[in-house]
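A.B. asks: Residues per chain are reported as follows:
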Amino acid sequence: MSNAPGDDRRPAPAQPLRSWDLLSRLSDSAVDDDYARLAARRESMRPQAQGPGRRRPGWGVGVVVVLGLMLSASALQAQGSEPAEARERSALVDQIEERRTSISRSTSTLQGLQDEIAALQGDASSAGARGESLLDTVERSRILTGSGPVEGPGVRIVVDDADDAATVEGGTVLDRDLQVLVNGLWQAEAEALSINGQRLGPTSAIRVAGRAITVNYRPLTPPYVISAIGDPDTLEARFSETAAGQSWFQLESNYGIRFDMEYVADLSLPGVPAGRLRLRNALQDRVAR
Amino acid sequence: MIAAVGLLAGLLLGLVLQPSVPLALQPYLPIAVVAALDATFGALRAYLDGIFDDKVFVISFVSNVVIAALIVYLGDQLGVGNQLSTGVVVVLGIRIFSNVAAIRRHVLHA
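Protein chains in written order, with the numbering used here: chain S, 1224 to 1512; chain G, 598 to 707.
Do not rely on the hints blindly, as some may be mistaken.
Pair ranges (Cβ atoms, derived) [claimed, not checked]:
{"#": "1", "chain 1": "G", "residue 1": "L675", "chain 2": "S", "residue 2": "T1332", "range": "50 to 60 Å"}
{"#": "2", "chain 1": "G", "residue 1": "V659", "chain 2": "S", "residue 2": "Q1318", "range": "46 to 56 Å"}
{"#": "3", "chain 1": "S", "residue 1": "S1250", "chain 2": "G", "residue 2": "L705", "range": "14 to 24 Å"}
{"#": "4", "chain 1": "S", "residue 1": "G1303", "chain 2": "G", "residue 2": "L605", "range": "13 to 23 Å"}
{"#": "5", "chain 1": "G", "residue 1": "L675", "chain 2": "S", "residue 2": "G1303", "range": "21 to 31 Å"}
{"#": "6", "chain 1": "G", "residue 1": "M598", "chain 2": "S", "residue 2": "G1303", "range": "46 to 56 Å"}
{"#": "7", "chain 1": "G", "residue 1": "L675", "chain 2": "S", "residue 2": "Q1334", "range": "56 to 66 Å"}
FYI, nobody ran anything at the bench for these hints, they're computed from the structure. Note that beta-carbon positions come from the ideal geometry of N, C-alpha and C, so glycine has one too.
Could you put together the complete structure from these sequences and hints?
C.D. replies: In structure tokens:
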């Protein structure tokens, strides 16, 4: 190039001007040089050539038509792409709105479900409390009716005829004595009782059949072992305060009837026999009425 | 005059027919249009200068369009399509500007 440092004899122009050089050269060569060159050649060859604008239109018109086509096509293309973007945008906006409403709907559903859960939990806990108290009642009833075996601390009382029962009047343990003893233990807040392994339920009877004392219709032989489950701290003391305790104290001291009471940490009593749990009674005949 | 009618006819033809540009050529159409505009304004200036020539116009038009599209295509392949098309538009824009300025001088002073 002419700007090479070796042959640059003129004073170098200021550096920033060079870009202006480029620009001015650009605008100088805005028209194709061929026009001027061809015109010059035509001038030299045919000085009598017709003036500009007199020439008949040829390919140039076709080119201009093509230019119009291109202009309109690209304008249409530029416009056509805009509505597409707008459509996309509005579709996205619609989607956003839709998702928002669905989110708010889900949120309200969630809120409702949470309320429902809270209400149900309250219900469940109250039902659980009710169930717990019912279970307590059932358990207490089960113990008191003797429908099942029970275990627990309590006292064991061994009662037997006096050694000289065969000769001395009143030396034998009677069914009445056992009834008194059992009632005294109930009074002393015993929870479950058994005599010789026969659990005492609400319908159990202690009575004499022939020479033997029966409980639950089972004959017992002395010595009579009475197991009582209850509060071991208070059972013995309370029993001794009852009338039954007093009367048994007299029996022991007056007639030599054996009475031993001992604390047992772990008693286990069977249930009342199944036949003793059912209460039978006559039914009125509805037809006859 | 005939050229103006031709331009109008082309515009109307495009608007009526709505030609669909092939997808592969779509990115190059705008730059080609700018190049065509440059060639046309150059031709108009040459016409006013009295040195217009049909053949030169056709050749410059076609070569302008093809070269502009090729440059942008090349840029696209090299990953500088945007920058190259910006450069082409700047150069062609300057040329159009100076041509239009010359035409204006012709028209207003003639």
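A.B. asks: All hints are to be evaluated individually against the structure, with a verdict given for each.
C.D. replies: Do the hints match the structure? See the list:
1. G:L675 <-> S:T1332: 50 to 60 Å: For T1332 (chain S) against L675 (chain G), whose Cβ atoms are near 56 Å apart, the range 50 to 60 Å holds.
2. G:V659 <-> S:Q1318: 46 to 56 Å: holds (47 Å)
3. S:S1250 <-> G:L705: 14 to 24 Å: holds (18 Å)
4. S:G1303 <-> G:L605: 13 to 23 Å: Between G1303 (chain S) and L605 (chain G), where Cβ atoms are some 22 Å apart, the hint holds.
5. G:L675 <-> S:G1303: 21 to 31 Å: Given range 21 to 31 Å: holds, Cβ gap about 28 Å.
6. G:M598 <-> S:G1303: 46 to 56 Å: With a Cβ separation near 32 Å, M598 (chain G) and G1303 (chain S) fall outside 46 to 56 Å, so the hint is violated.
7. G:L675 <-> S:Q1334: 56 to 66 Å: About 58 Å separates the Cβ atoms of L675 (chain G) and Q1334 (chain S), which means 56 to 66 Å holds.
Checked against the numbered hints above, the structure breaks only hint 6 and satisfies the rest.
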